[in-house]
Structures are given as structure tokens and as C-alpha cells.
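Protein chains in written order, with full-length UniProt numbering: chain A, 1 to 665; chain B, 1 to 153.
There may be inaccurate statements among the hints.
Unchecked claim - Simulated pairs of lysine to aspartate or glutamate, EDC-like, Cα-Cα distance not exceeding 16 angstroms: (1) LYS561(A) - GLU536(A); (2) LYS137(B) - GLU41(B); (3) LYS382(A) - ASP62(B); (4) LYS382(A) - GLU41(B).
No lab work stands behind these hints: they were computed from the structure.
Residue strings, one per chain:
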Amino acid sequence: MISEVGHFALVLALILALVQSVVPVIGARRNDAALMAIAPPVAVTQLLLIALSFAALTHAYVVSDFSVVNVYENSHSAKPMLYKITGVWGNHEGSMLLWVLILALFGAAVAWFGGNLPTTLKANVLGVQAWITVAFLLFILLTSNPFLRLSPAPMEGQDLNPLLQDIGLAIHPPLLYLGYVGFSISFAFAVAALIEGRIDAAWARWVRPWTLAAWVFLTAGISMGSYWAYYELGWGGWWFWDPVENASFMPWLIGTALLHSALVMEKRNALKIWTVLLAILTFSLSLLGTFLVRSGILTSVHSFATDPARGVFILTILLIFIGGSLALFALRASSLQAGGLFAPVSREGALVLNNLLLTAATASVLVGTLYPMALEAVTGDKISVGEPFFNLTFGPLMIPLLLAVPFGPFLAWKRGDIYAVAQRLYAAFGIAILVTLAVIWATSGGPVLAALGIGLATWLMVGAAAELLFRARFGDVGFAAGWRRLAGLPRSAYGTAAAHAGLGITLLGIVAVSTFEAETITVMRRGDTATIGAYEVSFDGFENRAAGTYRELVAHMTARKDGEVVARLDPSKRIYEVRQMPTTEAAIVTHGFSQLYVTLGDTTAENDGITVRMWDKPLVTLIWLGTVAMMLGGALSLSDRRLRVGAPKPARAAPRPGRTLAAGE
Amino acid sequence: MTRKQRRLTLIAAAGTVLAVSAGLVLNAASSRITLFKTPTEIAEGLAGQGDQRLRIGGLVKDGSVLRGEGATVRFAVTDTVNDVPVTYVGLLPDLFREGQGVVAEGRLGPDGVFTADNVLAKHDENYMPKEVVDSLKAQGVWEGDGAGAMKSN
Numbered sequence: 001m002i003s004e005v006g007h008f009a010l011v012l013a014l015i016l017a018l019v020q021s022v023v024p025v026i027g028a029r030r031n032d033a034a035l036m037a038i039a040p041p042v043a044v045t046q047l048l049l050i051a052l053s054f055a056a057l058t059h060a061y062v063v064s065d066f067s068v069v070n071v072y073e074n075s076h077s078a079k080p081m082l083y084k085i086t087g088v089w090g091n092h093e094g095s096m097l098l099w100v101l102i103l104a105l106f107g108a109a110v111a112w113f114g115g116n117l118p119t120t121l122k123a124n125v126l127g128v129q130a131w132i133t134v135a136f137l138l139f140i141l142l143t144s145n146p147f148l149r150l151s152p153a154p155m156e157g158q159d160l161n162p163l164l165q166d167i168g169l170a171i172h173p174p175l176l177y178l179g180y181v182g183f184s185i186s187f188a189f190a191v192a193a194l195i196e197g198r199i200d201a202a203w204a205r206w207v208r209p210w211t212l213a214a215w216v217f218l219t220a221g222i223s224m225g226s227y228w229a230y231y232e233l234g235w236g237g238w239w240f241w242d243p244v245e246n247a248s249f250m251p252w253l254i255g256t257a258l259l260h261s262a263l264v265m266e267k268r269n270a271l272k273i274w275t276v277l278l279a280i281l282t283f284s285l286s287l288l289g290t291f292l293v294r295s296g297i298l299t300s301v302h303s304f305a306t307d308p309a310r311g312v313f314i315l316t317i318l319l320i321f322i323g324g325s326l327a328l329f330a331l332r333a334s335s336l337q338a339g340g341l342f343a344p345v346s347r348e349g350a351l352v353l354n355n356l357l358l359t360a361a362t363a364s365v366l367v368g369t370l371y372p373m374a375l376e377a378v379t380g381d382k383i384s385v386g387e388p389f390f391n392l393t394f395g396p397l398m399i400p401l402l403l404a405v406p407f408g409p410f411l412a413w414k415r416g417d418i419y420a421v422a423q424r425l426y427a428a429f430g431i432a433i434l435v436t437l438a439v440i441w442a443t444s445g446g447p448v449l450a451a452l453g454i455g456l457a458t459w460l461m462v463g464a465a466a467e468l469l470f471r472a473r474f475g476d477v478g479f480a481a482g483w484r485r486l487a488g489l490p491r492s493a494y495g496t497a498a499a500h501a502g503l504g505i506t507l508l509g510i511v512a513v514s515t516f517e518a519e520t521i522t523v524m525r526r527g528d529t530a531t532i533g534a535y536e537v538s539f540d541g542f543e544n545r546a547a548g549t550y551r552e553l554v555a556h557m558t559a560r561k562d563g564e565v566v567a568r569l570d571p572s573k574r575i576y577e578v579r580q581m582p583t584t585e586a587a588i589v590t591h592g593f594s595q596l597y598v599t600l601g602d603t604t605a606e607n608d609g610i611t612v613r614m615w616d617k618p619l620v621t622l623i624w625l626g627t628v629a630m631m632l633g634g635a636l637s638l639s640d641r642r643l644r645v646g647a648p649k650p651a652r653a654a655p656r657p658g659r660t661l662a663a664g665e
Numbered sequence: 001m002t003r004k005q006r007r008l009t010l011i012a013a014a015g016t017v018l019a020v021s022a023g024l025v026l027n028a029a030s031s032r033i034t035l036f037k038t039p040t041e042i043a044e045g046l047a048g049q050g051d052q053r054l055r056i057g058g059l060v061k062d063g064s065v066l067r068g069e070g071a072t073v074r075f076a077v078t079d080t081v082n083d084v085p086v087t088y089v090g091l092l093p094d095l096f097r098e099g100q101g102v103v104a105e106g107r108l109g110p111d112g113v114f115t116a117d118n119v120l121a122k123h124d125e126n127y128m129p130k131e132v133v134d135s136l137k138a139q140g141v142w143e144g145d146g147a148g149a150m151k152s153n
């Protein structure tokens with residue numbers, strides 16, 4: 001009964017979305033306040049209905065109602081409660097429902113927080129948002145209904161894929177979707193601006209916080225997914241350039257570009273058309289990501305089940321939205337007036353460079369992701385594109401970008417002085433060079449590229465700090481006054497510095513772990529000792545255990561450094577009974593920023609020993625800590641709503657929303 | 001600078017970045033890709049040896065898995081018509097079993113032995129690598145449900 005209520009609520013939400021997608025847009029066209037006014041309450045009601053539907057499915061999982069096909073296929077009564085709840089989106093139908101729930105959440109957020117939006121813009125934005133909702137609700141109801149019943153109801157469910165029975169499933173998909181779907185707001189604003197044929201700096205001031213929020217969530221989602229794959233899959237890697245990863249990485253890259261171009265638009269009223277295009281492209285790549293993952297074109301742990309009808313349906317949605325918005329862009333972009341002028345060497349110029357390089361990098365990832373599929377479709381040849389390809393394409397495009405990052409915040413708007421900036425940065429540059437030389441010396445003729453990479457990471461971190469120190473004017477006003485000024489800097493300045501430094505931290509982790517990682521694979525028997533990095537790991541024996549829906553073989557190990565016991569390790573191999581599926585649970589010991597990572601292979605024929613793979617991963621956690629710094633930077637900047645990022649002076653009086661900036665020179 | 005000069009600067013910068021990235025992609029696409037081959041294609045000499053990275057897909061031949069001392073494993077990948085001997089140093093994936101689908105990535109030596117640096121098996125019980133399915137279909141020995149054998153129920 002409850003499931004039927006959930007299904008019915010979804011149908012009602014579809015009807016409301018249909019109303020919302022037509023009526024407010026007509027209202028905006030006719031300037032009819034009554035028609036436009038229906039959008040906000042409808043958007044909020046839609047959220048309530050979809051939330052009700054989601055709650056109904058969650059209820060079916062919590063009580064293990066196996067008469068619902070979706071629950072039967074993906075749950076088990078003996079599963080811990082956390083995984084029963086997260087299992088709601090650990091399958092195709094449920095994850096699409098989560099997708100739509102978040103879409104409705106963002107729509108309702110515009111209705112709630114959009115009080116100071118011009119009425120026609122708000123009506124159009126909510127209208128466009130409803131188009132997306134209609135498309136995806138239809139998709140769920142027609143091809144992926146999570147509420148289908150099964151009769152007679154089975155006694156027991158088929159359990160959830162063991163790889164997904166992890167706290168990661170509780171965190172990764174919701175965060176990722178908040179990011180993916182959050183970009184729908186920028187998209188709706190862009191399309192609404194094209195419909196109205198009008199766009200100004202105030203538009204960018206509304207779009208930027210939404211974009212920033214989505215970007216923070218997407219950063220968190222990708223980073224969490226990477227760490228999850230790292231510890232759960234037992235391969236010891238943290239990024240595989242897998243098409244599914246690329247699918248989430250492309251919106252992130254182009255979303256980062258959007259974030260920076262919206263800054264130019266907000267502050268200087270320039271790059272309008274480009275910003276609108278980026279907003280469209282960002283959400284288009286989010287849709288492409290959804291298509292790649294959900295259509296079953298790619299086979300991976302993310303594609304739960306395939307059904308050709310679904311692929312065709314999402315492809316249709318994709319074509320309508322991307323094709324439609326780009327066609328609208330082509331028709332209407334010329335009606336948007338060009339804004340402020342700037343010299344090539346200026347803050348705007350630096351942000352344009354950022355945009356160019358990020359867009360090119362996105363394109364290279366897009367080619368690497370789609371080329372194999374296109375080639376197979378056209379010629380039937382099967383190829384795969386992996387790390388070597390991306391190292392040669394994505395990597396070289398990132399180097400000039402990362403080199404340029406510290407310059408950006410130092411450059412003045414409109415016309416910058418590159419020599420003056422270079423003077424302010426020479427200390428940071430000197431430190432980076434010294435670090436590079438120190439690494440070369442310490443590794444005694446080791447890989448020069450790694451030393452340069454670490455130098456580049458230092459450059460990013462010190463350069464970010466240099467910007468704060470320069471703005472505090474320690475040199476001019478003395479130490480005490482400098483501290484006061486530093487503390488008084490706007491949060492957005494700290495946000496920029498944290499995000500840019502985070503880039504350096506992540507880079508440092510990547511370079512360190514890919515260059516200085518040690519790995520050993522060996523067969524160990526009771527009492528054996530193996531050396532990895534600075535550690536000696538001894539094998540103390542096996543233990544068989546059973547818990548919940550699995551039984552496991554645990555290998556007890558002790559890690560010693562200089563004879564002292566530093567950690568006990570219990571890597572294990574599990575068999576999940578219901579699906580008879582084995583998994584490997586790695587044992588990970590964090591020491592400082594580095595990790596010792598141990599996984600098990602097969603037991604020897606006599607069952608007295610086991611293959612053990614061990615890694616010493618120096619500074620590996622910096623990869624994710626850097627993304628935390630980026631998120632923190634985004635959140636700081638977001639909390640500083642009254643001030644615009646990159647204001648040349650910490651002007652306390654923020655312009656009121658709605659004020660149009662003076663255009664150009 | 002005039003508006004026109006500024007625009008030209010911008011276009012030149014965009015053009016440069018575009019040209020460089022296109023060059024990088026083309027260069028990488030010609031040298032850094034991995035070709036997929038079936039055991040039969042390898043037996044017929046259709047696959048390059050030496051530097052070209054290959055992926056081979058098929059089933060792990062029954063009775064072919066030999067674990068040496070240390071972490072070296074030898075097995076054969078078969079599409080039921082032809083076999084390719086494979087050596088691999090490392091941990092095999094959890095779902096690596098005889099008679100099950102597998103994809104090995106690496107290089108083909110002049111002696112016809114494939115040295116794998118990466119071995120992929122299924123992610124779960126319901127799923128078989130698409131390349132393996134295609135390889136078996138090519139030999140007409142595929143017994144799945146035709147939809148790609150992702151879901152057994």
C-alpha cells in the first residue's frame with residue numbers, strides 16, 4: 001500500500017511539473033503576475049511529493065518488503081540498517097529517484113531563496129527547471145519504476161552488491177548528485193536569460209553562489225568516490241581514468257571554468273555570452289555523465305543493470321536538452337550585449353586563460369572518453385584509452401594552468417602589470433625553486449619530473465599564501481597591524497587562497513605517491529616477515545570469522561618500525577553468502593600523511609600461506625586533503641555572500657543585489 | 001590596444017590552446033591506446049607484438065591456472081577455439097576463476113606469451129566484461145540472454 005502511495009505521489013509530481021513547465025513561462029511572456037506566481041508553490045509541493053515517494057521506497061527497504069521487485073533484488077533482511085537505507089540508491093531505479101529528489105530540492109530552493117529575483121526571471125528559471133523534472137520523472141515512470149510489485153513475494157532478498165555495502169554508499173552518491181544536479185540551476189538561469197534576451201551582472205551574482213555550492217558538492221562527491229574506490233576495491237589506486245570517473249570529472253572541470261567566468265561577469269560585466277555557454281555546457285556534461293553511467297553503455301560497478309530502452313530514453317533527453325539549449329544559444333546569444341573591455345594582461349585575462357585551458361582539458365577528457373565508443377560504433381574496432389593517453393593530453397594542459405594560478409589573484413582588473421606581480425611573487429618562486437633543488441638533492445638524481453612536480457605544488461601553496469600576506473601588507477604596516485589586516489580580510493580572499501592551495505596539496509600527494517610509492521607482492525606463511533618501505537610486517541596467522549551476511553578469512557599482521565610495534569593489520573577476504581561473491585578488505589594504516597596499505601590474494605594450495613600485496617604510499621592522503629581544502633575554500637567564499645571574490649580592496653560596502661555595475665571603460 | 005586588437009589577442013590565445021590540445025590528443029591517440037583482441041585474432045597473427053599495448057578477453061581456460069612460488073600466475077585465456085598463454089605477477093581479482101570471463105591487459109611477447117600487467121574480472125556475479133561477451137559471441141559460443149548478460153534475473 002505504501003509503495004502504491006509512493007508511485008502515485010510520483011505521478012502527481014509529474015503533473016505538477018508539467019504545469020510548472022508551461023504556465024510560468026507563458027506568464028513571463030505575457031507579464032501576467034498571477035500565472036508567474038504559481039511557480040514557487042508548485043515547485044515546493046513537487047518537492048514534498050517526490051520526498052514522499054522517496055520515503056515510501058525507503059520504508060519498503062527498512063521493513064524489507066520483498067514484494068517490491070526493487071527491494072527483493074537489492075536488499076536482504078539480515079543486512080545492517082545503514083545498508084538497508086543506503087541500498088535505496090544502490091540500484092538503478094532508486095538512484096534515479098534520488099537524482100530527481102535532488103532536482104526538486106534545488107527547484108524548491110530557487111522558490112524559497114529567490115525572493116529578490118526579478119519576477120520574470122524567477123518564473124522562467126523555475127519553468128526551465130520543471131522541463132528537466134518532467135523529462136526525468138517520465139524516465140523513471142516509463143522505464144525505471146522502483147515500485148513494481150512481485151507476486152508471490154519472495155521470502156528473502158538477493159542482497160546488495162557487497163562492494164556497495166559500505167559507508168561510502170551513504171555519502172558518495174548523494175554528494176555527487178548534489179553537484180551534478182546543482183548545475184541544473186546554472187543551466188536554468190542560462191536558458192532563462194536566453195529566453196528573456198537579457199543578462200547583466202546581477203544575473204551572475206545570483207548564478208555564482210548556486211554554481212559554487214554545486215561545485216563544492218561535486219568536489220566532495222568525486223573526492224569521496226575516489227577514496228572509496230581506493231580503500232574498497234583493494235587495487236591501491238585512487239583514480240583510473242575510467243569513463244565513469246571521467247563522466248563526473250568533466251562537469252567538474254568545466255564547472256570550475258564557469259565559476260571563474262561568472263566571477264568576471266559579476267565583477268566586470270564581461271564574458272557574458274561565454275558564461276552562458278559554459279553554464280549550458282556544464283549541465284550538458286552532467287547529463288552526459290548520467291547517460292554514460294545509467295544507459296549501460298559502459299559496464300562498471302556503477303551500471304547496475306542494463307536495459308536498451310533506458311539508454312535510448314536518456315539519449316533522447318540528452319539530445320533534446322543539449323541540442324535545444326545550444327540551438328537557443330545560437331539564436332539568442334547575439335541579443336546579449338557585450339560588456340566591459342579589458343587588456344589581455346589583467347585579472348579578466350588571467351581568468352580567460354583559466355577558462356581556455358580548463359575547456360581544452362575538458363575536451364581532451366571528452367575525446368578520451370567518447371572516442372573508443374565512437375570508434376567501436378563506426379568501425380567495430382575495440383580500443384581502450386587509459387592513463388597513458390590522459391598523461392599525455394590532460395597533463396600538459398594542466399601545467400601552464402597551474403603555473404598561472406598564483407598570478408591570477410595578484411593581477412588588477414581591467415589592466416594588470418605582470419612585472420609588478422612577478423616582483424610580489426619572486427619569493428614564492430624562489431621557495432618553489434629551492435624545494436625543487438632540495439628534492440633533486442635528497443633523492444640523489446632521482447626523477448627530475450617528480451622534483452619539478454613538487455616544486456609546482458609548492459609554488460601553488462606558497463603563491464596562495466603570498467596573496468594573503470601581500471593583501472595584509474606586512475611589509476608596509478608592520479607585524480601587529482599586518483596581523484589585524486590579515487584577520488580582517490574578507491572570507492572570499494581566504495576562500496580563493498584555500499582552494500588554490502588545495503590544488504597544490506592534491507598535486508603534492510599525486511606526485512609523491514606516483515613517484516615514491518613502494519610495492520611488494522609476496523607469499524607469507526605464519527611467522528614470515530616482509531619489508532615494505534620503512535616497515536617490517538610479520539604475519540601472525542589466520543582467523544575465520546562470520547558476521548551479518550558474510551564470512552571472512554582474516555590475516556593477522558603486525559607492522560614494526562625499528563623494532564617497535566606501530567600497528568596491527570587485519571586485512572581479510574570475505575565471501576558474501578547470498579550472492580556467493582568474494583571481496584577483499586584492505587588493511588590501511590595511516591602514519592602522518594602517508595599510508596601502509598595491505599591486501600590479500602589467494603591462499604596457497606596447502607592453505608598454510610597467502611599471497612600478500614603491500615604498498616607504502618607516501619603522502620597519499622594529501623590527494624584528498626587537498627580536495628578538502630578546495631571544498632573549504634568554496635564554502636568560505638559561499639559564506640561571504642555580501643562580498644564579491646577578488647574585489648581589489650576589502651570594500652565593506654557590498655553592492656546591493658540588483659544594482660547594475662557600470663559597464664566597462 | 002583597440003577593441004579589435006584585444007579580440008585578436010583573445011582569438012590567437014584560444015587558437016593556440018586549441019591547436020596544442022588537438023595536437024596532444026592526436027599524438028596520444030596514435031601511440032597511447034590499447035587495442036582489444038580476441039585469442040583467435042592473436043592466433044591468426046592479427047595482433048601486433050612488442051610495444052603495442054593489448055587487451056585480450058575471453059574465458060580463463062579450465063585447468064590452466066598455475067600458481068608459481070611468489071606471486072607469479074600463469075593461465076590461458078580462451079575463446080574456446082584458440083588459447084593465449086598469459087603470465088601475470090600480482091594479485092588476481094576476487095572473481096578470477098577458471099571458466100569465468102577475464103580481460104588481461106599488457107603486451108604480447110615474440111614467443112606468443114602474453115605478459116599482463118593488469119587483469120580484470122567481473123565486478124559482481126551478474127556481470128561479465130562486455131569485451132568477453134563480444135569475444136565469445138564472435139565464436140558463436142555465447143550462451144547469455146542476448147542483452148549483454150548483465151543481469152541474471
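Verification of the hints:
Straight-line distance between C-alpha atoms of LYS561(A) and GLU536(A) comes to about 6 angstroms, which keeps the hinted pair within the 16 angstroms bound. Note on LYS137(B) and GLU41(B): the hinted pairing holds, with a Cα-Cα distance of about 14 angstroms set against a maximum of 16 angstroms. Our distance criterion of 16 angstroms between C-alpha atoms is broken by LYS382(A) and ASP62(B), whose separation comes to about 26 angstroms. The suggested pairing of LYS382(A) with GLU41(B) holds, with an alpha-carbon distance near 12 angstroms, which does not exceed 16 angstroms.
Hint violations for this structure: number 3 only, all remaining hints satisfied.
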